[in-house]
Amino acid sequence: TDTNPWNSHGTGFQAYVGADLRTWDGPFTVFNPPEGFWGTHDFWAPEVYHYHRSFYMLATFTALNHVRATHMLVSDDILGPYVPLTKEPITPSGWQCLDGTLYIDETQHPWIVFCREWVQVHDGEIHAMPLSDDLTHAVGNPVLLFKASSASWTRTLVRRDGSGIEDARVTDGPFLHRQADGRLVMLWSSLGRQGYAMTCAISDSGRITGPWRQVEKPLIDTDGGHGMTFRAFDNRVFVTYHSPNKTPFERLAYREVVETPNGLELSAFCGDAHGND
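Be aware that the sequence shown starts at 20, since it is given in the working numbering, and climbs by one per residue.
No lab work stands behind these hints, which were simulated from the structure alone. Positions of the beta carbon are idealized from the N, C-alpha and C atoms, including for glycine. Treat the hints with care, as some may be off.
What follows is a set of in silico ranges between Cβ atoms, one per label pair, in the way DEER data are often shown [claimed, not checked]: (1) D39 with N160: 38 to 48 Å; (2) R179 with H156: 25 to 35 Å; (3) R232 with I97: 28 to 38 Å.
Please put together the full structure from these sequences, using the hints given.
Pasting the structure below:
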């Protein structure tokens with residue numbers, strides 16, 4: 020993302036390329052907003068997926084005259100250039116949304132899973148919404164999966180509505196991981212006692228619509244979160260996230276995890292994705 024994605028005009032997204040998670044080539048510019056693009060600020064949370072022979076980037080944008088929203092971008096190459104797939108964002112009009120992620124269900128139908136932001140609804144929400152096969156529009160209504168308060172460890176904030184009430188809670192960064200046992204695990208982030216943190220929610224049914232249950236403690240509990248999973252060359256599972264959670268010091272972090280009936284848990288192993296210590 021931009022050098023200062025919080026307070027400056029958005030300029031685009033860049034990517035780095037590496038084979039060992041230690042040395043990287045780049046940055047390579049993969050997206051610059053075209054003339055007339057609605058988003059002007061807060062270029063956040065780009066995620067890229069290979070789907071139907073193209074690469075799709077879901078990213079969050081905002082503007083002075085537009086609520087925060089996730090927009091779908093597309094490219095023929097993983098390194099871009101990405102262009103807007105449609106004129107309007109993919110998340111619901113009028114909803115303040117962020118951190119959209121793409122999920123393909125067991126019947127090969129696509130969904131967007133996204134956060135409805137706490138600044139609008141106070142108790143942050145995570146929704147799933149079915150999409151058309153070409154990812155251009157919704158084919159059903161958003162389904163509320165859960166709210167931030169469903170995780171007991173989340174910290175409260177003062178509402179942004181001027182009421183002074185301190186009951187708001189954050190939802191950030193959903194990402195779906197299918198376990199070998201069929202359970203569907205969602206990584207998502209919030210604020211805890213030690214700052215930014217990332218946890219797991221579990222759908223024992225394996226369905227995106229749940230029901231979802233929360234684990235008791237965060238997976239990453241100190242100053243890190245907004246993660247995804249990936250498989251190493253030997254098929255081990257890793258979680259990657261950013262830490263610390265302070266601009267401009269955010270950096271890539273990753274840890275090996277193991278799959279359990281209660282979702283993902285950190286492995287004692289701390290080597291790289293090639294199996295080196």
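For R179 and H156, compare the CB-CB distance with the range 25 to 35 Å and indicate the outcome.
-> Taking Cβ atoms as reference, R179 and H156 lie about 30 Å apart, which means the hint holds.
Distance restraint hint 28 to 38 Å, applied to the beta-carbon atoms of R232 and I97 | For I97 against R232, whose Cβ atoms are near 35 Å apart, the range 28 to 38 Å holds.
Can the suggested window of 38 to 48 Å be confirmed for the beta-carbon pair D39 and N160?
-> holds (44 Å)
Going through the hint list in order, the structure satisfies each hint without exception.
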